[in-house]
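A.B. asks: Could you build the full structure based on these sequences and the hints that come with them?
Protein chains in written order, with this note's numbering: chain R, 2 to 155; chain A, 2 to 155; chain Y, 2 to 155; chain D, 2 to 155.
Calculated from the structure, these hints are not laboratory results. All figures in this text were calculated on a predicted structure; none of them were measured in a lab. From the three backbone atoms N, C-alpha and C, an ideal C-beta is built for every residue, glycine too. It cannot be assumed that every hint is accurate.
From the derived model, a few chain A residues whose C-beta atoms are all more than 12 Å from chain D [to be verified]:
hint: 1; residue: 50
hint: 2; residue: 78
hint: 3; residue: 80
hint: 4; residue: 101
hint: 5; residue: 147
Just some of the chain Y residues that point at chain R, by a computed CB distance under 10 Å [as the list claims (entries may be wrong)]:
hint: 6; residue: 11
hint: 7; residue: 39
hint: 8; residue: 40
hint: 9; residue: 74
hint: 10; residue: 155
Protein chains: 4
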Amino acid sequence: MTTISEGPDLSIHIGADDLPFVEIGGGNKLKVICVKPQEGLWIVENVFQAGFQAPIHRHTGPVYAYTTSGAWKYAEYDYVNRAGSFLYEPAGSVHTLTCLEPDTRVWFQMYGANLNLAADGTTIESVTDGPGTLRAYYALAEAQGFGRPNVLVA
Amino acid sequence: MTTISEGPDLSIHIGADDLPFVEIGGGNKLKVICVKPQEGLWIVENVFQAGFQAPIHRHTGPVYAYTTSGAWKYAEYDYVNRAGSFLYEPAGSVHTLTCLEPDTRVWFQMYGANLNLAADGTTIESVTDGPGTLRAYYALAEAQGFGRPNVLVA
Amino acid sequence: MTTISEGPDLSIHIGADDLPFVEIGGGNKLKVICVKPQEGLWIVENVFQAGFQAPIHRHTGPVYAYTTSGAWKYAEYDYVNRAGSFLYEPAGSVHTLTCLEPDTRVWFQMYGANLNLAADGTTIESVTDGPGTLRAYYALAEAQGFGRPNVLVA
Amino acid sequence: MTTISEGPDLSIHIGADDLPFVEIGGGNKLKVICVKPQEGLWIVENVFQAGFQAPIHRHTGPVYAYTTSGAWKYAEYDYVNRAGSFLYEPAGSVHTLTCLEPDTRVWFQMYGANLNLAADGTTIESVTDGPGTLRAYYALAEAQGFGRPNVLVA
Numbered sequence: 002m003t004t005i006s007e008g009p010d011l012s013i014h015i016g017a018d019d020l021p022f023v024e025i026g027g028g029n030k031l032k033v034i035c036v037k038p039q040e041g042l043w044i045v046e047n048v049f050q051a052g053f054q055a056p057i058h059r060h061t062g063p064v065y066a067y068t069t070s071g072a073w074k075y076a077e078y079d080y081v082n083r084a085g086s087f088l089y090e091p092a093g094s095v096h097t098l099t100c101l102e103p104d105t106r107v108w109f110q111m112y113g114a115n116l117n118l119a120a121d122g123t124t125i126e127s128v129t130d131g132p133g134t135l136r137a138y139y140a141l142a143e144a145q146g147f148g149r150p151n152v153l154v155a
Numbered sequence: 002m003t004t005i006s007e008g009p010d011l012s013i014h015i016g017a018d019d020l021p022f023v024e025i026g027g028g029n030k031l032k033v034i035c036v037k038p039q040e041g042l043w044i045v046e047n048v049f050q051a052g053f054q055a056p057i058h059r060h061t062g063p064v065y066a067y068t069t070s071g072a073w074k075y076a077e078y079d080y081v082n083r084a085g086s087f088l089y090e091p092a093g094s095v096h097t098l099t100c101l102e103p104d105t106r107v108w109f110q111m112y113g114a115n116l117n118l119a120a121d122g123t124t125i126e127s128v129t130d131g132p133g134t135l136r137a138y139y140a141l142a143e144a145q146g147f148g149r150p151n152v153l154v155a
Numbered sequence: 002m003t004t005i006s007e008g009p010d011l012s013i014h015i016g017a018d019d020l021p022f023v024e025i026g027g028g029n030k031l032k033v034i035c036v037k038p039q040e041g042l043w044i045v046e047n048v049f050q051a052g053f054q055a056p057i058h059r060h061t062g063p064v065y066a067y068t069t070s071g072a073w074k075y076a077e078y079d080y081v082n083r084a085g086s087f088l089y090e091p092a093g094s095v096h097t098l099t100c101l102e103p104d105t106r107v108w109f110q111m112y113g114a115n116l117n118l119a120a121d122g123t124t125i126e127s128v129t130d131g132p133g134t135l136r137a138y139y140a141l142a143e144a145q146g147f148g149r150p151n152v153l154v155a
Numbered sequence: 002m003t004t005i006s007e008g009p010d011l012s013i014h015i016g017a018d019d020l021p022f023v024e025i026g027g028g029n030k031l032k033v034i035c036v037k038p039q040e041g042l043w044i045v046e047n048v049f050q051a052g053f054q055a056p057i058h059r060h061t062g063p064v065y066a067y068t069t070s071g072a073w074k075y076a077e078y079d080y081v082n083r084a085g086s087f088l089y090e091p092a093g094s095v096h097t098l099t100c101l102e103p104d105t106r107v108w109f110q111m112y113g114a115n116l117n118l119a120a121d122g123t124t125i126e127s128v129t130d131g132p133g134t135l136r137a138y139y140a141l142a143e144a145q146g147f148g149r150p151n152v153l154v155a
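C.D. replies: If you want it as structure tokens, here you go:
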């Protein structure tokens, strides 16, 4: 029981241009980079335009967001995410994403599902998760002429 | 950057009698052992009676179940969990718990939330998660004369 | 992005007799149930005899232990794990396992590696992790006539 | 058991200038953003200069790296991480970081510890983990006149 593992030596790189951004409406874009269906992990990169708003949702696992350009905020908070911002959203957090500047770019590393809520803040209208987002990404990529992207599904 | 951490030396033990089983109806019982609200982790121990059935639900994170007595199964599968069984339920799995024998005892280590589904298998009727279950456990324990249990909330 | 995932419907059951306990010396036994090499997760079940002692080690991830029979403790703590005990060991915790009663049986759900320390409590003498333990388990099982066990490698 | 959790509503934002980069030698810099000691999670941002090389190490948990400027690679692989690159390093992966261009900037979200290896690739010379790196960051920040940074320790 005290052996040393050599382990898998398989770091996987996905370069900036290895996967397409698909249009999801209004100039907003989505790239799905990595999904671990068994773990409930999904990693996406979004480009949002000013005025974009995502429905209020609650997370069932923790989320880590890395912003590289533009500006966005949660309607429920005062702070603004800009290039270089890190955001930690624990499981159970509830918020409404609003984009403030054009070409706002963010990586989201998300565990669990987004429970999208009605205006009352409690009724669940839909669920967004990794496998569903991956299916949507594949479909949009093919419809938009990118073929099937080589997402890291681990 | 090559220092060695001494680290926190704080393993926490919860003995079999340190927390009460609360009655949740029909002789079925619940003990909430550990909740990490930020991580979406919750660990419970249940005692189920024959005929108990939990609503069909989908998990948003992985679940690990350790059975120590009795017998239970998912309606969707043939295998039966008995003393010594280990069950792995990946994120996204959907099933309906049915208890087959009296005093069936199981530890569940769960990540994320249970999305309880309507009979159609897709409409979400309610959500069960760690913080909500912890509140219910506190309330039942106090109502049943156990006081407020010292659950590990980390 | 608001589709509902059907998800993988693949809960995996490992019954008490589906995998062998291999002898690791002195009547102490090991069963490796589940390894997720990419996640650093490993789940084992041990049977320890009175007097068994594991080297002092530090964990690099959290550990959750479920005891079903016998008695064991960490030399650094007063409490004793018995049937029905739950033990939480956060990342960074350091301890020396000592078995107090025969046929002590424990499930360990472990994240990361065990850094086995010299008597000085800081020098690392060896590392025990999931892939290395799995290799040892396969080798012992084959040497002891059990063939290659069907461990859940996810 | 079917209550809906309100959950903690506490997303935490760390802006680009909220925490200092400390000098770690040769113009290379470190910012420690978030440490969860119990989980073994640590999130840092580095600025590396061309020629910087980190010792060969093995990870005990998975790592996710987000590059925002410059260029770096692992000596063991051909691909180069540039602005917009995502890198996945599973638990058990072993590699030697080499920086190729000035002011290369990377966020690392790391689970578990880095086991720094001798030239033979197996002997462990030291261990780098979240709590140890946090202590080093605090000490360097104070020595370099930044005071004690308000790292997210969750």
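A.B. asks: For every hint, state whether the structure bears it out.
C.D. replies: Hints, verified against the model:
no.: 1; hint: 50; result: holds (15 Å)
no.: 2; hint: 78; result: holds (22 Å)
no.: 3; hint: 80; result: holds (24 Å)
no.: 4; hint: 101; result: holds (20 Å)
no.: 5; hint: 147; result: holds (17 Å)
no.: 6; hint: 11; result: holds (9 Å)
no.: 7; hint: 39; result: holds (6 Å)
no.: 8; hint: 40; result: holds (7 Å)
no.: 9; hint: 74; result: violated (19 Å)
no.: 10; hint: 155; result: holds (6 Å)
Figure legend: structure checked against the earlier numbered hints; the only hint not met is number 9.
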